[in-house]
Every structure is written in C-alpha cells, then in structure tokens.
Amino acid sequence: MAQVKEFFLPDDLYYDRKEHIWGRIEADGVRAGLDAFGACAAGTFAYIKLLPKGRQVQKGRPFGSMEAGKYVGPLKAPVSGTIVEHNQEVLDNPRLANTDHYDHGWFVVIAPSNLDADLADLAHGGGVLPWLAAEVKEYEEGGKLKPQEERECA
Amino acid sequence: MWIFHGLAALSLLAFTAGVAGRIRFWLRAGRTGAAGSRGGVRVAVRTSVGALRKPRALRALAVDGLLFRRLWRLSRYRWLIHFLLAWSFVGLFPIGSLGDMVASLGIPLGKDDPWFAAINDTLGLGLIAGVVLAAARRLFPGAPRPATAFDDGLVLGLIGLLALGGFVLEAGRYLEDAVPASTGGYAYAGHALSLALEPLGANREALHEGLWWSHALLALGFIAYIPHSKLFHIFTAPATIVRNAAPTSAQFPAPSTPDATPVAPTAAVGTGHWALRAGQMMELDACIRCGKCMRACSSFQARGDEGATLVGMIRQRRNLFDVTSPLAGVLGGRNGVSAEQWERFQAGVFSCTLCGRCEQFCPVGIKTRGLAMALRLELATARCMMPKNLGVARDAVAEEGNVFRFPNEDRAMWAEFLDDIPADLMDKDHAEVLYFVGCVSSFSPAVQEIPQAFLQVLLKAGMDVALLAGNERCCGFPLIMGGLAGDARALIDHNMAELRRLGAKLVVFNCPSCYYTWKKYYPVEAEGIRLAHASEVINDLVQSGRLVFESGAMPVTYHDPCDLGRGLGVYDVPRDVLKRFAPADYIELTPSREAALCCGGGGDVEMWDPDLVAGVNTVLTDAVLTTGAGLLVQACPQCKRVTQRGLESRGAGVRTLDIAELALEFGTFVDETVAGGAAQERESAWHR
Chain U
1 MAQVKEFFLP DDLYYDRKEH IWGRIEADGV RAGLDAFGAC AAGTFAYIKL
51 LPKGRQVQKG RPFGSMEAGK YVGPLKAPVS GTIVEHNQEV LDNPRLANTD
101 HYDHGWFVVI APSNLDADLA DLAHGGGVLP WLAAEVKEYE EGGKLKPQEE
151 RECA
Chain Z
1001 MWIFHGLAAL SLLAFTAGVA GRIRFWLRAG RTGAAGSRGG VRVAVRTSVG
1051 ALRKPRALRA LAVDGLLFRR LWRLSRYRWL IHFLLAWSFV GLFPIGSLGD
1101 MVASLGIPLG KDDPWFAAIN DTLGLGLIAG VVLAAARRLF PGAPRPATAF
1151 DDGLVLGLIG LLALGGFVLE AGRYLEDAVP ASTGGYAYAG HALSLALEPL
1201 GANREALHEG LWWSHALLAL GFIAYIPHSK LFHIFTAPAT IVRNAAPTSA
1251 QFPAPSTPDA TPVAPTAAVG TGHWALRAGQ MMELDACIRC GKCMRACSSF
1301 QARGDEGATL VGMIRQRRNL FDVTSPLAGV LGGRNGVSAE QWERFQAGVF
1351 SCTLCGRCEQ FCPVGIKTRG LAMALRLELA TARCMMPKNL GVARDAVAEE
1401 GNVFRFPNED RAMWAEFLDD IPADLMDKDH AEVLYFVGCV SSFSPAVQEI
1451 PQAFLQVLLK AGMDVALLAG NERCCGFPLI MGGLAGDARA LIDHNMAELR
1501 RLGAKLVVFN CPSCYYTWKK YYPVEAEGIR LAHASEVIND LVQSGRLVFE
1551 SGAMPVTYHD PCDLGRGLGV YDVPRDVLKR FAPADYIELT PSREAALCCG
1601 GGGDVEMWDP DLVAGVNTVL TDAVLTTGAG LLVQACPQCK RVTQRGLESR
1651 GAGVRTLDIA ELALEFGTFV DETVAGGAAQ ERESAWHR
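Note that the protein sequences, when read in sequence, are chains U and Z.
Oh and the first sequence: position 112 is 112 in the working numbering, straight run, nothing missing.
Oh and the second sequence: position 395 is 1395 in the working numbering, straight run, nothing missing.
Keep in mind that the hints were calculated from the coordinates and are not lab data.
A virtual CB, placed ideally from N, CA and C, is assigned to each residue, including glycine.
Heads up, some of the hints might be wrong.
Within a straight-line C-alpha distance of at most 30 Å, the following computed DSS-like cross-link-like pairs (lysine-lysine) qualify [what the hints assert, rightly or not]:
1) 1520/Z / 1505/Z
2) 53/U / 144/U
3) 1388/Z / 137/U
4) 5/U / 146/U
5) 53/U / 146/U
6) 1388/Z / 5/U
7) 1111/Z / 1054/Z
8) 1460/Z / 1505/Z
9) 1520/Z / 1054/Z
10) 1388/Z / 144/U
11) 1054/Z / 1519/Z
12) 1428/Z / 1460/Z
13) 1520/Z / 1388/Z
14) 137/U / 18/U
15) 1505/Z / 1428/Z
16) 146/U / 70/U
17) 53/U / 1579/Z
18) 70/U / 18/U
19) 1428/Z / 53/U
20) 18/U / 146/U
21) 146/U / 1388/Z
22) 18/U / 5/U
23) 1388/Z / 70/U
24) 1388/Z / 18/U
Label pairs and their calculated CB-CB ranges [stated by the list, open to error]:
25) 1080/Z / 151/U: 51 to 57 Å
26) 114/U / 1427/Z: 22 to 28 Å
27) 89/U / 1655/Z: 43 to 49 Å
28) 151/U / 1545/Z: 55 to 61 Å
29) 1341/Z / 95/U: 39 to 45 Å
A few chain Z residues that face chain U, going by a derived Cβ cut-off under 10 Å, partial list only [said to hold, decoys possible]:
30) 1235
31) 1407
32) 1410
Sequences are here, hints too, so could you generate the full structure?
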C-alpha cells in the first residue's frame, strides 16, 4: 500500500499516471475505477455515464464521463478491450467513487485485448509511491488541491 | 449686483466645465485596442439622434423620461418621490431664476401674482415633501439598497436647503416689504413663515439681503455641482432612455480583437483601453443608484455583495476611472486607486451571472447585461484581469476546442449510447440541417440525455441532419461572456467553415447560449442560413400535427432560460408546446418571462465560484417548489444541469426535463403525409 498524506493507493493495482484510473486484473477482465487522489482532486461526484456493455474501447480513450464538483471530463480506459460489466451501484450513487474507491466505487470491467502492452506504462508496485508523492506535491503547489488541513476528501 | 453676476458666471463656468468633463469622459469610449473614440461618440450621437426620429423613442422619452413610467411600474412610492423632486424642481427653477427677469421685460407677471405665488409655494412644499420621503427611505429602507454615498446625502441636503431657504427668503421679503395678507396670502407657506418670524424684530432689510445672498450662493453652488454629482442624471437618464428605446441590431458589444498590449491594472487613466462604447459611458452617468438592480439580482440575494450588482459595478467603475471631475474627487473622497480596489471591482464584475434580469428593473433603461459584458471585456482583454479559471478555460478552448478540456475528438460520445442512428451521421459531405450540439450537452453526463433526445426528435421528424462531432468547436459563448471576445473569433471562423463545407441551410440548437451566439455573432444572415432552437423545431412539429402528446399530463411549469428569453425574446414558443402537453395543468412560474429568475449557471461563474451558483439556484428552486408542479421543463442544458442538481440537493421530488426530452418521452410522431405536410411550410416561421 502506497500512502502519501491521506491518500492510500494499493500497490497491487495498475494506475494511469495522468488520469488516476486504476486497473485490477481479475479473471474476467480488468476492473477500473478512480484512485483516492483523483477522486479528491475531482470533488464530489454528481453524475457518471458509462458506455454500454459490449462497446470496444481503446486504451486512453473514454469509456464514460463524469461530473464532479470541480471537474467535468472523460473517464479513460487504462487498457484496450471490450466493456463487459458496469457498476450499476456507482451509477445510482456516484458518491461511491469518492467514498469507496477500490471496492464499491469501481466503474467498468474491460475484457482486455492487448493487456501486456497496455500495462507497460501504468504505475505499479514500487513505482506507485514516488509517482503519487510527485502528484500530491505538484497539485498542492499548483493550487489544484487545497492544503491537507482544508481538504474534505474521504 | 455685479458681484452676483460674477458669481453666476463662475457657477455657469463650473457647470460647463463639469459637462465638458463628462463629455471628455465619454469621448474616451472606443473599442478595445482601437483608437476610435471619436468614432465611438459619432456612433453614439448618430444612434441617439436617429432614435429621436423613431416614434418608439419619442414615446419612451415622454412616458419614461418625463413621466417616469418605469418607476411607476416598479414602485409607486419611489415614483412619488421622484415625481415630487423632479417636477417641483423643474417648476421652481424658472420661477426662482427667471421670475424677476420676466417682469423686467415688461411681461405682466410677478412673484406676488396670486396664482404665481400659490404655484411657487406648492412646488416648494412638493420639493420638501420629496426630500423628506427620500430621506426617510434612506434612513428606514424596507429592502436592501446600495450603501448611501456622500454624494447621495449631499444632493438631498442641498435640495432640502434650497427649498427651505426659498421659503425663508420669501418670508424675509414679505417682512421687508410688509406685504399684506391680501396679497401675500396666496404664498401661503412663505406668508405664514413671515408671520412667525415677525416678532423677532430684526433689521428686516439686512435680514432679507442676507437671506437672499445665502439662497443665491446656495443655488449657484447647486448649479455648479450638477455635472459633478448624480444630479447629472437629469440629462443622461432621458438620453439613455431615448438611446436604448430604439431597437438595435446588436444588443451586446461586438467581438473585439485583443490586438492591444494589456496594461497594468493600476495604469493611469488614458493609457488603458476602453471597451465601453460612448453610450455605455453615458449609462454610467445615468445610474441614479436606486438599487432596483440590486433587488432584482439573485447573485446579491445569494451572497449580499453589492459589487456583483450593476449599481455596485458602476459605482466602482466610476471610482476607478473617473478622474475628470476634481470636485467630485474631493467630495467623494476619490483620492487614488489601489490594487485592492481593482481586485474588488474584478471580483464583483465576475460574480455577475449576466442573466440580464436587472435590465427589466432599471428605471432609466440601462442595458445592464451589455454594460456588464463590456466591463468584463475591459478587465479581461484590456487589462488581463480575470479569474484564474477563466484563463484555464481560454487555454482549454484554444487547445481542445472546448472549455472542459475534454478530448474534442470524443465530443459525440453521447451519441454512442444510441442505437439505430444513421451510420453517416457524423461523416456526411452534405446535409440540409446541422445540429450544433454545444459543449455542455456534449460533455456533461448530467444532461447528455438532451442531445440524445433532440437528435432522435430530428431523425423521427425525417430531417436530413448531420453532426460535426469532433469537428465542432465551442461556439465562443463562454469566451465572449468572460470578456475574451477576441479569442472567440477563431472558433466562429472554424464553425462557419464547417457549416459551409456541409452546405446546410438550417442550424438547430438545443443550447440557447449557442443559439444566441450564432444569432448575434456569426455571419449567418448574410449567407441565408436559418437558425432554430429545439423549442422552435418541436413547436413546429406540434403545431403542424407531426408530434402529438398523449393525454394524462401532470402539473408542469416552465423556466425561461436567460439567453432564449431575455436574450432572443423566445417566450411563447415553449409555452405553446407545454400548453399542448398539459392544457389544463400548466402552471406559470412566478416570476417568469422577462423577469424570469437566473438558474445561476450563466456568466461563466461556475468556473470560479460554484457555491455562488448553488446560492443563486436556490432562489429559482424556491420559486419552482412554490408552484407545486411535479415537472419542471427547461430549454437549456446548463439551466437543467444546475437546477436538477439544486432540486436533488434539496430532496425535492420535482422532475426536470428538457423540452426535447419531453417531446421524445411523451410525444408520438405522426407520419408527415398524415399530418398534411404542414411542417415544411411552418419552417418559414423560424428565426432568420
């Protein structure tokens, strides 16, 4: 588990360094969600839309979109493949993405089509902590993230 | 007497110098980066003089400028105060200053003529009554009003002293001349005062002379003060009413090119750029600080910041820029401008949602939205003063073609949720109709059902429609509203080029802001291209019988979007649809139409102050909940986005639907041949 300040990122997951989307390799595909840091930076989730099951997505291309207190934007796939599962729970209650990042707050499961190559540039294992530390520092110094004592992130 | 004439000449000189100062101030007007201030004044003069030839402007001058009809509609109490002050003053001025001159010309008219004396005293009492009522209103305000400035008190005090002094002077004259009651009795107030003063036994000649000089000096000082104070609205308010009464082709300032080098915020006057036009500079002088705009402002209701209201912006703008009136500078304490003042001014200007509601409440008819936009243009473009996130949005538009920095190539992702759409929808070489979706509809997951619904309506109606998808760019609206109109030019050129490539002759919108921008800023009229909002398209289908609603409607209300209603005057069309949908259950929202409440989502404010947006929206949702309607229909994705979130946060069980969603969910499409093919004919009714 990598931790910087209040942000916990399990180091067994794979992380898109720019989008803060995590991927967990499971039997039926790659489960994807937003990490604790990304959820905090985005603000409170209000709306989420996910492409229908069966749609092909490319790594780095949207599999859905989200609207939160401070952000409206795409949710980008960490790997290429086919969307095989939706999290109806998070569609009904988008705040789960803020409060339960790695369990009930996931978005989709993608059946990967090019997994090994797609995982190559994702942060994983020992690479997670330095990347996260750099991200926190950059966001705090750039004013994109409030100081820790003022933050209200789950 | 030569001393008096000398002083009178000095007073007139100060008056003339003040007027010249104000005109010099207006002469500084000009478009950003352009040196054409004289051109700007020429345009303003031409507009005003041209307006006078129009019956509508003359009527406005008579009923609004002279009889204060707008004030009458807004508040009878304020109308009475203003009527008493204005017309008593207008009546007394010739009586006091010309009365003796008239008699000296041999005209048989004197101050002691019965009817003359009676009118004189009645007007004087009217003036005092006006002052007392105005002072009472300031001392015991029933509603929020702008902070009283020194100038406000001084003007009232001067008028009151002049009126009281006039009576005392009249009493002194009666005492000196021993005017009998049979003559002086008509001047009932002055004569009664003379009887009260009679026991004092002072030197009556000296008393009268002293009173005369006191009154004369006060009057001369008053005249000199007029152009340096809010009293100047005596001239600028009627001029503004006339100028703004005549319909103009462009309600908002035209885009400008930011080709000028930005200047430092605290740069001296004269080195800055003036985004305001001459007529708008005059509007700054026409504001009477009545505070009607403040009470109409949802942003003020939500935050209580006077700086976000027009009266606050005008006050600060004048304090920052107006150095042409040294007298006002001394009296008003305008002794230098600090960076903090600039920052306060910026914060206020960028807390306005630009809904334009206050325009309906301004008694002198100031085009408030245009003025607020010009102030933003001046700050953002000419002085590089803007909220940080506006700069971020500008950069996002430049890099991605949308303010969300969403990958523009994924602009039509909302359409991927639909089945059975034509495969070539986004790849057509030619189409009759272009559906310009807009950024909010394209990217916000909160409202993407709106474009999905409207596209299906268009397809069901059998239209040959195309989407630009990744080739569509922001229409420019957020930049124009943010004061960065020059940055919108490239977007306008791009979207027009795409339209020309497609060859469409009709562009349809579900977003009123895009519609507004295209209508006002895109060169479509010259190219014979028609524009239509979704509500107009849907109403056409409804009225021609192509779209029919199932019975069993529910209580429904409608909220007018600012850019569709106040911006483009489309009020009846959506209501016509709703009255077909719910003939017996339509509930008019109060207030509505021209006075409709802002949803909070305008003016780009959400980019830097979402809490203020939520506060403004609460005012609207309060009104919605009051209706008891179970369904709120809107015709704007941004309104729906903000309002549905507001209603949800309040736990209100009111459903929000866009008019396109309403049509798709509750409407049934009838084959064109069955409906008689009238839809095609009705297209001519769409806005050209």
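- prompt: Any of the earlier hints contradicted here, and which numbers?
  reply: Hints 2, 5, 7, 17, 27 and 30 are the ones this structure does not satisfy, whereas the remaining hints hold.
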